[in-house]
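Visitor: Residue-level listing of the chains:
Protein chains: 2
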Amino acid sequence: MIPSNWYNIIPDLPSPPPPPLHPATMQPIGPDDLAPLFPMELIAQEVSTERFIPIPQEVLDVYRMWRPTPLYRAHRLEKSLGTPARIYYKYEGVSPAGSHKPNTAVPQAYYNAKAGVRKLTTETGAGQWGSSLAFACAQFGLECEVWMVRASYDQKPYRRSLMRVYGATVHASPSPVTGAGTKILAEDPGSTGSLGIAISEAVEVAAAAEDTRYALGSVLNHVLMHQTVIGEEALKQLPEMPDLVIGCTGGGSNFAGLAFPFLRESSKTKLRAVEPEACPSFTRGRYAYDYGDTAGFTPLMKMHTLGHDFVPDPIHAGGLRYHGMSPLLSHMYELGMFEAVARSQRECFEAGVHFARTEGIVPAPEPTHALAETIAEALRCKETGEEKVILTALCGHAHFDLAAYDRYLSGEMQDFALPQERIDQALDGLPG
Amino acid sequence: MIPSNWYNIIPDLPSPPPPPLHPATMQPIGPDDLAPLFPMELIAQEVSTERFIPIPQEVLDVYRMWRPTPLYRAHRLEKSLGTPARIYYKYEGVSPAGSHKPNTAVPQAYYNAKAGVRKLTTETGAGQWGSSLAFACAQFGLECEVWMVRASYDQKPYRRSLMRVYGATVHASPSPVTGAGTKILAEDPGSTGSLGIAISEAVEVAAAAEDTRYALGSVLNHVLMHQTVIGEEALKQLPEMPDLVIGCTGGGSNFAGLAFPFLRESSKTKLRAVEPEACPSFTRGRYAYDYGDTAGFTPLMKMHTLGHDFVPDPIHAGGLRYHGMSPLLSHMYELGMFEAVARSQRECFEAGVHFARTEGIVPAPEPTHALAETIAEALRCKETGEEKVILTALCGHAHFDLAAYDRYLSGEMQDFALPQERIDQALDGLPG
Chain A
1 MIPSNWYNII PDLPSPPPPP LHPATMQPIG PDDLAPLFPM ELIAQEVSTE
51 RFIPIPQEVL DVYRMWRPTP LYRAHRLEKS LGTPARIYYK YEGVSPAGSH
101 KPNTAVPQAY YNAKAGVRKL TTETGAGQWG SSLAFACAQF GLECEVWMVR
151 ASYDQKPYRR SLMRVYGATV HASPSPVTGA GTKILAEDPG STGSLGIAIS
201 EAVEVAAAAE DTRYALGSVL NHVLMHQTVI GEEALKQLPE MPDLVIGCTG
251 GGSNFAGLAF PFLRESSKTK LRAVEPEACP SFTRGRYAYD YGDTAGFTPL
301 MKMHTLGHDF VPDPIHAGGL RYHGMSPLLS HMYELGMFEA VARSQRECFE
351 AGVHFARTEG IVPAPEPTHA LAETIAEALR CKETGEEKVI LTALCGHAHF
401 DLAAYDRYLS GEMQDFALPQ ERIDQALDGL PG
Chain B
1 MIPSNWYNII PDLPSPPPPP LHPATMQPIG PDDLAPLFPM ELIAQEVSTE
51 RFIPIPQEVL DVYRMWRPTP LYRAHRLEKS LGTPARIYYK YEGVSPAGSH
101 KPNTAVPQAY YNAKAGVRKL TTETGAGQWG SSLAFACAQF GLECEVWMVR
151 ASYDQKPYRR SLMRVYGATV HASPSPVTGA GTKILAEDPG STGSLGIAIS
201 EAVEVAAAAE DTRYALGSVL NHVLMHQTVI GEEALKQLPE MPDLVIGCTG
251 GGSNFAGLAF PFLRESSKTK LRAVEPEACP SFTRGRYAYD YGDTAGFTPL
301 MKMHTLGHDF VPDPIHAGGL RYHGMSPLLS HMYELGMFEA VARSQRECFE
351 AGVHFARTEG IVPAPEPTHA LAETIAEALR CKETGEEKVI LTALCGHAHF
401 DLAAYDRYLS GEMQDFALPQ ERIDQALDGL PG
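Chains A and B are the protein sequences, given in the same order. For the first sequence, UniProt numbering begins at 1 and goes up steadily by one. For the second sequence, UniProt numbering begins at 1 and goes up steadily by one.
Source of the hints: derived by calculation from the structure; they are not laboratory data. A hint or two may mislead.
Remember, identical chains collapse to one label, so a pair may be satisfied in a single copy or spanning two.
[What the hints assert, rightly or not] Derived BS3-like pairs: lysine-lysine, alpha-carbon spacing no greater than 30 Å straight-line: (1) K388 with K236; (2) K79 with K270; (3) K183 with K302; (4) K79 with K114; (5) K79 with K119; (6) K268 with K183; (7) K236 with K119; (8) K302 with K268; (9) K382 with K79; (10) K183 with K270; (11) K388 with K79; (12) K268 with K382.
In isolation and in its complexed conformation, chain A is listed as follows (with noise of 0.2 Å):
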């Protein structure tokens, strides 16, 4: 039941995505210039142009511990709606991580041990890829070493110690342990991070050592790709081909994982990404070329951004608290194939309790956002009385989260106004 192919969309492709250039030359990068970041065999399925790609047997082996993973009909849900769609939930928040992470993780830690590599180097936010990593990282003698982003750092320890207990180093980020991190603490010796600094300081880390490498837990086309396991299950899986594919978008992997499958497979499928208001690259966002990562370390990609240096609000949604987007989504979405939406942090728990007392899983956050639309989806067919099928990935819990939804259910949590203003700011710093 667990596919034996990732499942590569590129050369399905009308056209294929622009290339991630050096910034210092503006040419596109050759898989040299990622050698001291990424093994040979990640870097060319980031460049690969074969529709599928066989999953190893030693991946297949630990994706046995939790997948398949359930896809559940939203039977208590739809009937606290009244509404006559159908709606299917894919749930990912049955890994050791608690969420779709570990999907692209164990192939990372795989391929690198493969590869000779000692240690992996990344950042987290929340904490879901970092405590994935370092699961990963545990099932093939590799180290891990984790850059959280300090503001997550000080609130979420537990997360923290799901790290710590699969054997990881973890580093409040900006940290006196790199350079990136020093200038910025010199600079401001309070900052609680951002996601940017946090990738700035692990791959200098991974770039200066050569039993290092890095590993991203988003963003490139080689993690959407190992996340495509969730939409091959869910197509063996459901009973009927979905109207319409909702996921929550931050780098985008989750919602590629399931959606791209469907776009193979069924042409009446539509694909809805649903991003924070607090964060919305895709609905307002710039298509241009830009950094990875603050300090500027990693090549320009031409993608969905709000310029390196935009600082979202502090949502709880840490997963969707990124200032770009996977270049190939934003790319699809350049061509017209599928919508985009953003929902306030709000409406986002609302949903998020709703489906708790119904369903019974709590989110995470991040899929809240999935969950929100849906709803409003499921609200609008009651309406028009339409049957629509409506497939949704419920990518993890929330069980590091519960803070957050305390703050909610004590009427205390806020939404971000994000005035124009602050976007032009920074999109104005973008280069090329």
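Here the structure of chain A is known, so what remains is to put chain B in place on it, guided by the hints.
Guide: Just chain B now, with coordinates in the frame of chain A:
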């Protein structure tokens, strides 16, 4: 694959367990004595002599949200130990509340709703049971009011949050809203509470209101019976009969739920209960009639007890901190139908970290007791070369217990010596 019947082991025993007694008359209690606390269908299950009791369709519909639960072969753990033993574990952490507790919370809520009850009260220690009953009440439209032991209420805010997300009202116990709580607070305003006190509060409120009943998460016959869904599933999932079933015991429902069907089907299978050294009711308690709660509101039950005044040291396995034990299991222990051992807190957490790094799942503090014993048994097999087949109960995950792992990893966790005089003193007050 979900079983269609619960298994009631009582008719298969050589003799039935001694009956509960009314403390005033010292005569066996009848159904009418229990009617203020439980609906008639649950009372009937408590005293049933039928071997199999059909699971209602409404309960199966909710079980289906997470059942059947996975049964895994612990290949990676075996390999890390170099043992010839074959280790299997049944994982109950995939339930919405994260443990085996919803297996009984759901039928209890169902039978109460069917009987026209409006509200359920209960106690909870670390919060596993309270969040399970809150989830179950949300499924059947019941109100839920929980008394949570003060120490956990303050130290584990996220379990409290989870109950609130499911719509329950949560009090710290002892609380000023009951007579029992008020009395204890008057004597000791800083009381951190105990399960025995919280039971007194929940029972008091249920007994006083016509439309309110009480629910207990372990100990009673019907609770153990509901948990046999675990063992019935495991029987069908296992490729070979186990030589040994190992489970942790607090009130006994997790151990009984996994083990009872194997007692019925396999003559070669031996059972071993594992309890904490800090709360050793089987290995150091007395088999005697005692109250289930601190205030003495419950009937007297013949069980292995440390005395209803006994307050266990604050180990992190809150679910195992109960002075008594299931009367049914106590009777079977006296009949020599299984063995029992005790494990210290630190050896349990050591096993938990070992398990997390090999099998991926971080076990709750309670099942680390079973895992510590499983690992010890597997290492014995390594010495003898015996290819023993071991089945263990992984009854929940540690997503709400990571602070405890942090303490262990930081070297700050302590073991608790339990001097014999503390046990003697508590047993001294036994009634009868």
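Visitor: Decide, hint by hint, whether the structure agrees.
Guide: How the hints compare with the structure:
Taking identical chains as interchangeable, the C-alpha atoms of K388 and K236 lie at most 30 Å apart only when both belong to the same chain, with a minimum of 19 Å there against 38 Å between chains. Taking CA atoms no more than 30 Å apart as the test, K79 paired with K270 passes inside one copy only; the shortest distance there is 24 Å, against 46 Å between copies. In this assembly of identical chains, K183 and K302 lie within 30 Å of each other by CA distance solely inside one copy; the values are 27 Å within and 68 Å between copies. Only between protomers do K79 and K114 lie at most 30 Å apart by alpha-carbon distance; the minimum there is 20 Å, versus 50 Å within a single protomer.
In this assembly of identical chains, K79 and K119 lie within 30 Å of each other by CA distance solely across copies; the values are 23 Å between and 49 Å within a copy. In this assembly of identical chains, K268 and K183 lie within 30 Å of each other by CA distance neither inside one copy nor across copies; the values are 51 Å within and 67 Å between. Taking identical chains as interchangeable, the C-alpha atoms of K236 and K119 are never at most 30 Å apart, the minima being 36 Å within one chain and 42 Å between chains. Proximity of K302 to K268 under the C-alpha cut-off of 30 Å is restricted to the intra-copy arrangement: shortest distance 29 Å within a copy versus 65 Å between copies.
When the C-alpha separation of K382 and K79 is checked against a cutoff of 30 Å, the pair qualifies only within one copy, where the shortest distance is 11 Å, while the shortest distance between copies is 55 Å. In this homomeric assembly, K183 and K270 never come within 30 Å of each other (Cα to Cα): the closest approach is 46 Å inside a single copy and 63 Å across copies. For the homomeric pair K388 and K79, the shortest alpha-carbon distance inside one copy (15 Å) is at most 30 Å, but the shortest distance between copies (49 Å) is not. When the C-alpha separation of K268 and K382 is checked against a cutoff of 30 Å, the pair qualifies only within one copy, where the shortest distance is 21 Å, while the shortest distance between copies is 58 Å.
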